[in-house]
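Those protein sequence lines, which keep their order, are chains A and B. Following the working numbering from start to finish, the first sequence increments by one per residue and tops out at 269. Following the working numbering from start to finish, the second sequence increments by one per residue and tops out at 487.
Calculated from the structure, these hints are not laboratory results. As the structure is a computational prediction, the values presented were derived from the model and not from experiment. Yeah, the Cβ is synthetic: ideal placement off N, Cα and C, and Gly gets one too. Careful: at least some of the hints might be erroneous.
[To be verified] Covered, in the sense of this in silico footprint (three residues per stretch, anywhere, with C-beta under 8 Å from a C-beta of chain B), are these stretches of chain A:
#: 1; region: 68 to 75
#: 2; region: 87 to 95
#: 3; region: 100 to 112
#: 4; region: 166 to 178
[To be verified] Heads up, simulated DSS-like pairs for lysine-lysine below, C-alpha to C-alpha not over 25 Å straight-line:
#: 5; chain 1: B; residue 1: LYS460; chain 2: A; residue 2: LYS146
#: 6; chain 1: B; residue 1: LYS148; chain 2: B; residue 2: LYS165
#: 7; chain 1: B; residue 1: LYS431; chain 2: A; residue 2: LYS160
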Amino acid sequence: MNLLNINNLHASIGEEKILNGLSLKINPGETHAIMGPNGSGKSTLSYILSGKQDYNILNGSVTLKKKNLLDLNADERSRLGLFLAFQYPVELPGVTGMTFLRTIINSSRLSKGLPELDGIELVKLVKEKAANLNIPQEMLKRFVNVGFSGGEKKRFEILQMSLLEPSIAVLDETDSGLDVDALKIVGNGVNHFKNQDRGFLVITHYQRLLDYIIPDFVHIMVNGKIYESGGPDLAKQVEKEGYKRFIEDA
Amino acid sequence: MPIQEETIDKVNLATSKYKYGFTTNLAIDKAPKGLNEDIIKLISSKKEEPEWMLKWRLEAFEKWKRMKEPNWAKVNYPKIDFQDIYYYAAPKNTEKIKSLDEVDPELLKTYEKLGIPLKEQEVLAGVAVDAVFDSVSVVTTFRKKLAEKGVIFCPISEAIKDYPDLVKKYIGSVVPQHDNYFATLNCSVFTDGSFVYIPKGVKCPMELSTYFRINEKNTGQFERTLIIADEGSYVSYLEGCTAPQRDENQLHAAVVELVAHKNSEIKYSTVQNWYPGDKNGKGGIYNFVTKRGACLGDSSKISWTQVETGSAITWKYPSCVLHGDNSVGEFYSVAITNNMQQADTGTKMIHLGANTSSTIISKGISAGKSQNTYRGKVLMQPGASNARNFTQCDSLLIGDQCGAHTIPYITSKNPSSNIEHEATTSKISEDQLFYCLSRGLSEEEAVSLIVNGFCKEVMKELPMEFSVEAQKLIGISLEGSVG
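Could you put together the complete structure from these sequences and hints?
As structure tokens, this is what we get:
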């Protein structure tokens with residue numbers, strides 16, 4: 020059974036067409052990488068999947084666990100099991116990291132019919148997951164993403180992912196703004212989280228993230244559709260030759 | 005409820021003039037509409053007040069007749085006909101409901117969201133509580149504990165009779181009879197309110213809350229509260245309730261006076277959630293309140309914390325007059341307006357003594373088509389050498405049809421004083437909402453989270469038991485404000 024099924028998706032923002040018949044299937048346990056040059060529509064895909072309002076869906080369908088994703092609001096998609104790690108996480112002044120995590124965890128638990136966690140249980144859970152990502156407790160006392168370094172932002176995204184336990188996680192340019200050490204930590208955090216039920220869609224411009232998060236499939240996206248698919252080798256080929264060949268062919 | 009019969013009996017006894025207006029028919033429970041000396045005499049005699057109190061009320065009435073309704077606030081409302089208002093009404097005798105099953109489910113939903121315990125819900129919804137709630141025993145224990153410390157906490161109508169010297173000395177000493185139109189009106193017609201006296205050196209052993217005051221029902225319209233903290237004492241007072249309060253009286257004009265003597269501290273916290281009217285601005289309470297505290301003694305402190313979410317019109321400026329050297333005034337405010345609500349609220353910090361300091365933190369949140377104004381005055385008098393003020397006014401806009409306004413009045417007559425004023429205006433961005441939604445929060449949860457973050461500095465000033473409910477209240481009052 021497909022976990023996520025994107026079929027012939029066409030979308031635009033205003034007059035500009037961004038997705039041109041994109042299709043992709045992800046099964047449980049699989050990690051897919053989408054690579055592509057700037058402006059190929061990679062980030063748009065991640066926003067459309069997670070339910071951002073600014074886009075017009077012209078054609079096609081997206082299902083997650085057989086439910087029509089495009090009919091759902093962003094929060095409903097999250098509760099269904101979709102997670103987006105943002106390329107540019109948003110600042111929430113006045114809202115501390117811990118308050119934010121407590122709110123999203125308990126909201127998610129309530130939607131699953133589970134009781135809310137009390138303060139002590141919550142801190143314990145967060146502490147455990149945060150340790151895997153080298154996130155010190157002090158960081159969670161700061162306001163969400165306010166004054167965070169690039170690495171801190173991305174680690175905080177992965178922390179949220181590991182706490183919400185989604186069925187499918189979309190990582191949008193998670194490597195941007197990371198040095199090698201941070202890349203390693205984030206990569207390990209993601210690998211730690213992989214299992215046979217979960218799917219990953221890793222969106223990246225560069226191959227280097229894929230040294231840490233090994234994909235099962237690599238797709239090259241150009242002009243809003245998948246141009247070529249292959250294994251990890253395809254990413255290495257792009258790294259060597261660039262996107263030139265694909266752009267010209269397309 | 006015995007209280008209703010008792011009140012009606014009292015009124016019957018009190019005046020021969022209206023005697024025949026009050027029959028045994030419980031449906032008739034109001035003195036005639038309008039304001040005149042007879043009505044004031046009725047109120048006074050109903051309360052069995054001493055002569056001096058009646059005289060004081062009548063003096064105020066004479067002054068009021070010569071005063072004009074103020075119109076400087078940034079609020080619009082139809083002209084109030086003061087002769088078309090009931091100034092005295094016995095507690096309502098409407099059919100008592102017997103259980104929560106009979107209560108409007110919408111109201112219950114709100115209570116549930118606020119996390120109010122079932123028994124309290126019954127009280128709030130007006131279920132005949134004597135059968136289900138042993139409030140009497142709670143109140144008794146509570147009063148006993150206070151009495152041990154010599155703390156006086158009672159309805160002001162009782163204090164007028166039982167502690168006339170204290171009341172006489174302090175009533176009108178902070179907010180004078182002729183202070184302003186609405187305060188003067190209150191002087192002549194106030195029906196009840198709280199009286200608190202904390203003796204020298206006593207730290208009040210518990211938070212005092214209007215919730216525990218007997219005779220609370222139906223005193224909301226013209227409340228009058230007087231709190232006196234004697235030398236070296238401390239008291240924290242909580243007013244109001246996070247649950248929505250329905251009231252048929254559209255005009256509310258309360259007066260609160262605080263007196264802080266040397267080295268004493270008064271912390272006054274309010275959560276105001278009166279009926280704001282419907283989405284189109286129909287109905288709703290007009291809330292014209294005068295609240296002022298005098299830091300009379302050296303090193304005294306008065307701290308106001310308010311969370312204002314209700315009322316169609318809010319006109320309210322809890323203030324501090326800093327007489328004593330080294331005295332401290334604080335004002336922490338969250339004012340939320342949604343739909344057609346209008347709030348013009350802020351504070352006045354009047355520095356008289358040397359080394360006095362004041363802090364103002366105001367957070368205004370406007371949504372819908374509402375208008376939210378911060379109006380604040382900081383005045384450094386010549387004697388206020390080395391006085392300091394810090395003011396921070398932040399406005400948050402939700403949507404594009406509301407307004408936020410900041411109107412500071414700053415005057416310094418003293419070259420050694422130091423005044424700082426910071427102000428910001430921001431909007432909840434689409435990106436912030438989307439970020440929260442993508443984590444599974446509903447729009448309502450997201451707005452509540454962001455707004456509570458915005459109000460954090462004020463919310464942390466609220467006493468614990470208030471704070472949790474108030475946080476939820478913020479979310480509820482902004483329901484439907486996005487999208």
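To see whether the hints hold, each was checked on the structure:
A count of 4 residues in the region 68 to 75 of chain A with a Cβ less than 8 Å from any Cβ of chain B is obtained; the coverage claim is therefore met, three being the minimum. Against chain B, the region 87 to 95 of chain A contributes 3 residues with a C-beta closer than 8 Å to a partner C-beta. That satisfies the three-residue criterion, and the hint holds. Three residues within the 8 Å Cβ limit are the bar, and the region 100 to 112 of chain A against chain B gives 8, so the coverage statement holds. Figure legend: the region 166 to 178 of chain A, annotated as covered by chain B; annotation inconsistent (0 residues with Cβ-Cβ distances under 8 Å, at least 3 required).
For the hint linking LYS460 of chain B to LYS146 of chain A, the alpha-carbon distance of about 24 Å falls within 25 Å, and the restraint holds. The hinted pair formed by LYS148 of chain B and LYS165 of chain B meets the criterion: a straight-line CA distance of about 20 Å does not exceed 25 Å. For the hint linking LYS431 of chain B to LYS160 of chain A, the alpha-carbon distance of about 23 Å falls within 25 Å, and the restraint holds.
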